[in-house]
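Novice: Sequence:
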Amino acid sequence: MYREAINLTLKYLPKDIKPIIVENNGKRKTYLDEFGIPILYTENNKNHYWHKGCNELEDIKAVLQAFNIQDEDMVIKITGRYNPISDAFFRLVQTEESNYDGFVKFFNVCTKEFMTNDCVLGLFALKAKHLKKYEMTDTVRSPEVQFATFCRELNVKEVKQLDIRCIFADTLEVLVC
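Using UniProt numbering, the letters of the sequence shown map in sequence onto residues 1 to 177.
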């Protein structure tokens, strides 16, 4: 599943966008080394937070620091269970990044409906300076709702179609959005 997602991402990713893989189960030899792109191994999966999104946020912040990502750089985050089916999202970010702080699909993946204060966390783009400031501290609202609320305060482009196939971790249900 993850191998396919990485291969598809690399297939559709424009050549001038630098990919970085994050593996949060510690430094060791893995099949990820075979892709020939930078990898950051973290230990963040050992942390037991109220939601796995907290671990993912730690991973993002670790990448920002380890690779000296600049504040104005646009960071695209895609989770390993999301398979792009075209280059549309990457091209959108690439062509319009100077006009926006980020690119987010406001959508509830469980209800499969647009929601103003909910979003898809499996694929988004946001300038590094905002990711550095973002904290996920509310244990009542979902990470998706918290991130959507945070992004609503920024100049983000509402993405209508991500062109991804999502594979849910819990149920292995597939959603194209």
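Keep in mind that the hints are not guaranteed to be accurate.
Stated by the list, open to error - Cross-link-like lysine-lysine pairs, in silico, DSBU-like; alpha carbons within 30 Å at most:
no., residue 1, residue 2
1, Lys27, Lys160
2, Lys29, Lys112
3, Lys157, Lys29
4, Lys29, Lys11
5, Lys160, Lys77
6, Lys15, Lys27
7, Lys77, Lys112
8, Lys18, Lys29
Read the hints as simulated data drawn from the structure, not as lab findings.
Novice: Kindly indicate which numbered hints from before are broken by the structure, ordering the numbers from low to high.
Specialist: Per hint list: 1, 2, 3 violated.
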